[in-house]
Amino acid sequence: MSCTRTIEVHRYHDGELPPGQKAALEAHVAACAECSQLLADLRSVSVLIRRAPLADLPADAADRLAQCRPWTADAGLIRVAGWLTAAAAAVLIIALLRKPVDSSPMVAGPALWETLVVTPSADIQDEAISEVVLAKWMADELSTERTGDLR
Amino acid sequence: MPDDKELARLIRRGDEAAFRRLVQREAPYLYGIARALVGNAADAEDLVQETFAGAFKGRYRGESSLRTWLVGILVRQAGMLRRSPWWRRRRPLRDHDATADPAGKVESTAGGDASKGVEARLDLATMLAALSPEHRAVIVLRELQGMTYEEMAAALGIPRGTVESRLHRAREELRKRYKGYL
Numbered sequence: 003m004s005c006t007r008t009i010e011v012h013r014y015h016d017g018e019l020p021p022g023q024k025a026a027l028e029a030h031v032a033a034c035a036e037c038s039q040l041l042a043d044l045r046s047v048s049v050l051i052r053r054a055p056l057a058d059l060p061a062d063a064a065d066r067l068a069q070c071r072p073w074t075a076d077a078g079l080i081r082v083a084g085w086l087t088a089a090a091a092a093v094l095i096i097a098l099l100r101k102p103v104d105s106s107p108m109v110a111g112p113a114l115w116e117t118l119v120v121t122p123s124a125d126i127q128d129e130a131i132s133e134v135v136l137a138k139w140m141a142d143e144l145s146t147e148r149t150g151d152l153r
Numbered sequence: 292m293p294d295d296k297e298l299a300r301l302i303r304r305g306d307e308a309a310f311r312r313l314v315q316r317e318a319p320y321l322y323g324i325a326r327a328l329v330g331n332a333a334d335a336e337d338l339v340q341e342t343f344a345g346a347f348k349g350r351y352r353g354e355s356s357l358r359t360w361l362v363g364i365l366v367r368q369a370g371m372l373r374r375s376p377w378w379r380r381r382r383p384l385r386d387h388d389a390t391a392d393p394a395g396k397v398e399s400t401a402g403g404d405a406s407k408g409v410e411a412r413l414d415l416a417t418m419l420a421a422l423s424p425e426h427r428a429v430i431v432l433r434e435l436q437g438m439t440y441e442e443m444a445a446a447l448g449i450p451r452g453t454v455e456s457r458l459h460r461a462r463e464e465l466r467k468r469y470k471g472y473l
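Protein chains in written order, with the working numbering: chain L, 3 to 153; chain C, 292 to 473.
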């Protein structure tokens with residue numbers, strides 16, 4: 003095969019060649035023996051395939067296929083999924099009911115010393131909060147947290 | 292008789308009679324295509340069954356005929372089957388039993404081409420047995436379902452260029468092999 007336009011011939015045969023290129027290809031095919039033969043063969047191959055008889059469905063296979071019930075398998079899956087969902091919900095409810103009541107807030111706010119360090123107000127700065135007092139508060143906070151961790 | 296869309300809708304709602312109607316109407320055709328794709332009877336039957344199961348789960352939008360939509364599912368199922376390790380292991384035992392089966396015969400009918408006297412008609416499974424599984428798939432989708440390159444690319448999950456090159460190679464192979472029938 004030497005002609006460089008055979009791909010276009012396939013596209014033309016399949017109706018995939020853009021309309022603007024059709025006339026030019028038809029003119030080429032009329033002049034090119036190779037492409038002319040290719041197009042004739044492609045048409046013949048298509049006819050041969052379309053006319054080819056299909057294998058017969060055996061009677062026993064037809065019976066088996068007639069018995070298949072795709073929704074039965076799905077219904078089973080849906081039923082199992084329903085059971086699993088119900089079981090998961092029950093476990094969650096029990097877990098919530100058995101959880102000990104915790105009075106402490108979920109997210110602790112900043113400790114007083116943290117607030118003071120980052121937002122020193124004028125009156126505090128003026129008055130009693132010295133660096134020594136801040137350090138003591140920090141030490142107290144940290145020791146409380148450690149004790150809590152160990153508990 | 293419900294149209295394709297109505298039939299698909301009834302099946303999705305679990306209408307057993309509608310499903311039976313679909314099986315009765317389409318199973319023989321799908322089986323013939325499946326035999327051409329995978330070669331042997333057992334795999335072909337499995338494929339058709341999987342196709343009907345896939346049709347029940349999938350959503351038919353009416354963009355093509357129900358048959359074309361089913362063939363698309365069938366071809367994808369054949370691809371999945373081919374890639375399964377189980378099938379690869381058993382391939383030497385299962386691949387193309389066309390020659391040992393009535394599907395492998397050449398049908399001869401009187402009339403037809405006067406120059407030959409008798410028109411020899413190859414069955415589809417025999418014709419496509421010469422091709423690789425990938426090439427069989429594109430031939431089925433293009434020649435029997437009339438899909439465009441884009442539709443084939445979407446159905447097979449491959450680029451359009453790959454569709455084209457497979458189609459061209461498959462046809463060249465058929466052209467060479469069946470020169471005497473053209």
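Simulated from the structure, these hints should not be mistaken for laboratory data.
Positions of the beta carbon are idealized from the N, C-alpha and C atoms, including for glycine.
One thing to keep in mind: the hints can contain errors.
[To be verified] According to the in silico footprint, chain L covers these stretches of chain C (three or more CB under 8 Å from chain L): (1) 352 to 361; (2) 365 to 376; (3) 444 to 451; (4) 456 to 468.
[To be verified] The calculated DSBU-like cross-link candidates involving lysine-lysine, where the alpha carbons are at most 35 Å apart (straight line), are: (5) C:Lys348 - C:Lys296; (6) L:Lys24 - C:Lys348; (7) L:Lys101 - C:Lys470.
Hints and how they fare:
Three residues within the 8 Å Cβ limit are the bar, and the segment 352 to 361 of chain C against chain L gives 0, so the coverage statement is violated. Remark: the segment 365 to 376 of chain C is not confirmed as covered by chain L, as 0 of its residues place a Cβ nearer than 8 Å to a Cβ of that chain, below the required three. Under the rule that three or more residues need a Cβ within less than 8 Å of chain L, the assignment of the segment 444 to 451 of chain C is violated, with 0 such residues. Only residues whose C-beta sits within less than 8 Å of a C-beta in chain L count toward coverage, and the segment 456 to 468 of chain C has 5 of them, enough to reach three; the restraint holds.
With a C-alpha separation of about 15 Å, the suggested pair lysine 348 (chain C) and lysine 296 (chain C) falls inside the 35 Å cut-off, and the hint holds. At roughly 42 Å between alpha-carbon atoms, lysine 24 (chain L) and lysine 348 (chain C) are farther apart than 35 Å, so this suggested pair is violated. Of the pairs offered as hints, the one joining lysine 101 (chain L) and lysine 470 (chain C) is violated, with about 81 Å between alpha carbons and a cut-off of 35 Å exceeded.
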